[in-house]
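Sequence positions in the sequence shown follow this note's numbering and run 18 to 169.
Check the hints yourself; a few may be wrong.
[Stated by the list, open to error] Straight-line Cα separation of at most 25 Å, DMTMM-like style, residue types lysine to aspartate or glutamate; simulated pairs: (1) Lys164 with Asp116; (2) Lys157 with Asp116; (3) Lys103 with Asp116; (4) Lys157 with Glu59.
[Claimed, not checked] Quick list of simulated restraints, FRET-style, between CB atoms: (5) Val133 with Met18: 18 to 28 Å; (6) Ala150 with Thr101: 21 to 31 Å; (7) Thr19 with Cys122: 14 to 24 Å; (8) Gly117 with Arg78: 35 to 45 Å.
No lab work stands behind these hints: they were computed from the structure.
Quick reminder that beta carbons are idealized off the backbone N, C-alpha and C, glycines included.
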Amino acid sequence: MTAPDVNVQTNITGKAIDVWSAVADPRRITEWSPESASVRCEVEGTLPVGATFSGSNRNGRRQWSTKCRVIESEPGRAFAFDVTFKGMAVARWRYEITDGPDGVCVEEQWWECRGVFLRLMGPLGTGVSDRRAHNEAGMKVTLAALKADMEA
């Protein structure tokens, strides 16, 4: 796959496996993300490749739901999933975790996967006209909250 459309990173004092365990349980994203309202999974805890979950998102008064499928789940290293809306590709999200001299570096990566229809209709449903800038700002908030949570 090509380079992500947005890539945000932070350093977290802690162990890679602990950070991975947090991000590989999608229900926890609601603790950190300003856009994620709820996540429903059939499996408890970290999710393996092939597992699915649904997410409800919000932006002000606007709300929408998506379906997600885990495509990568490597303990202590990476977690990624593809997002669809009514069967149409929306995005790919990935967390890459690498050990460093002062803890771990966590990268949150996002790829735009929407086709023409969703790019045109998305702003009406979500209230977001510049998805790239909106996601970058949200990713910075998410990683700052993840860092604070993991270091508490």
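Cross-check of the supplied hints:
Among the hinted pairs, Lys164 with Asp116 is consistent with the structure: their alpha-carbon atoms are about 15 Å apart, no more than 25 Å. Restraint check for Lys157 and Asp116: satisfied, since their Cα atoms lie roughly 20 Å apart, inside the 25 Å limit. About 38 Å separates the Cα atoms of Lys103 and Asp116, which puts this hinted pair outside 25 Å; it is violated. Between the alpha carbons of Lys157 and Glu59 the distance comes to roughly 29 Å, so the proposed pair goes past 25 Å and is violated.
At roughly 20 Å, the beta carbons of Val133 and Met18 sit within the given window of 18 to 28 Å. For Ala150 and Thr101, the hinted distance range of 21 to 31 Å is satisfied, since their beta carbons lie about 23 Å from each other. Remark: the range hint 14 to 24 Å for Thr19 to Cys122 is upheld by a beta-carbon distance near 21 Å. Take Gly117 and Arg78: their Cβ atoms lie about 41 Å apart, and the range 35 to 45 Å holds.
Of the numbered hints stated above, those contradicted by the structure are hints 3 and 4, listed in ascending order.
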